[in-house]
Amino acid sequence: MKDINKVSPGYYLPEECNLAEFQKIVDQELAISSVPNATEIKKNIPIYNVDELQNVLQNEELKRELMAEWAWVFRRGSGAIVLRNAYKDTKAIDEATGIFEDIITSEKLKSGGGEDHFAAAGAKRSYLELTAKIM
Numbered sequence: 001m002k003d004i005n006k007v008s009p010g011y012y013l014p015e016e017c018n019l020a021e022f023q024k025i026v027d028q029e030l031a032i033s034s035v036p037n038a039t040e041i042k043k044n045i046p047i048y049n050v051d052e053l054q055n056v057l058q059n060e061e062l063k064r065e066l067m068a069e070w071a072w073v074f075r076r077g078s079g080a081i082v083l084r085n086a087y088k089d090t091k092a093i094d095e096a097t098g099i100f101e102d103i104i105t106s107e108k109l110k111s112g113g114g115e116d117h118f119a120a121a122g123a124k125r126s127y128l129e130l131t132a133k134i135m
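The numbers in my numbering rise by one with no breaks, and the one at position 72 of the sequence shown is 72.
The hints are simulated quantities; they were obtained by calculation from the structure and are not laboratory data.
Ideal Cβ positions, reconstructed from N, Cα and C, are used throughout, including at glycine.
Heads up, some of the hints might be wrong.
[What the hints assert, rightly or not] Computed list of lysine-lysine pairs in DSSO-like fashion (alpha-carbon distance at most 27 Å, straight line):
1) Lys108 / Lys43
2) Lys110 / Lys88
3) Lys108 / Lys88
[Stated by the list, open to error] Using C-beta positions, here's what the derived DEER-type ranges look like:
4) Gln28 / Leu109: 39 to 45 Å
5) Trp72 / Lys42: 14 to 20 Å
6) Asp102 / Ala80: 25 to 31 Å
7) Lys108 / Asn85: 28 to 34 Å
8) Met67 / Thr97: 25 to 31 Å
9) Ala20 / Asn59: 37 to 43 Å
Using the sequences plus the hints, can you model the full thing?
If you want it as structure tokens, here you go:
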């Protein structure tokens with residue numbers, strides 16, 4: 001029988017949350033030396049230029065190092081990465097964005113501006129524009 005390695009859970013129970021510890025995570029500054037494959041850091045989020053990672057992605061050892069770097073960012077760092085130039089043809093993404101914008105406009109017209117009872121008016125739209133805010 002194989003050994004089973006216990007990993008930490010991917011979620012936290014409310015009684016296990018510690019606001020002071022969370023604030024330490026939020027306040028930390030990500031050093032570029034911590035993410036050597038990133039081209040820059042904005043708002044504590046490492047930005048990777050996929051065009052510049054082609055050699056790394058073609059080499060298994062370097063690719064594993066990159067994946068470990070990303071895992072570290074997700075687990076111990078900011079929890080997010082940006083992959084600049086990940087898609088050459090953005091037509092499908094642009095079309096989907098247009099559809100979402102049409103839905104948002106339609107919902108605003110139907111509801112008089114309110115989104116739903118869980119979010120303030122305009123809150124959903126900000127999620128769609130998240131990447132624009134960090135770039």
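For each hint, the structure was consulted:
no., hint, in the structure
1, Lys108 / Lys43, "violated (31 Å)"
2, Lys110 / Lys88, "violated (36 Å)"
3, Lys108 / Lys88, "violated (33 Å)"
4, Gln28 / Leu109: 39 to 45 Å, "holds (43 Å)"
5, Trp72 / Lys42: 14 to 20 Å, "holds (18 Å)"
6, Asp102 / Ala80: 25 to 31 Å, "holds (27 Å)"
7, Lys108 / Asn85: 28 to 34 Å, "holds (33 Å)"
8, Met67 / Thr97: 25 to 31 Å, "holds (28 Å)"
9, Ala20 / Asn59: 37 to 43 Å, "holds (42 Å)"
In terms of the numbered hints stated before, the structure departs from hints 1, 2, 3, listed from lowest to highest.
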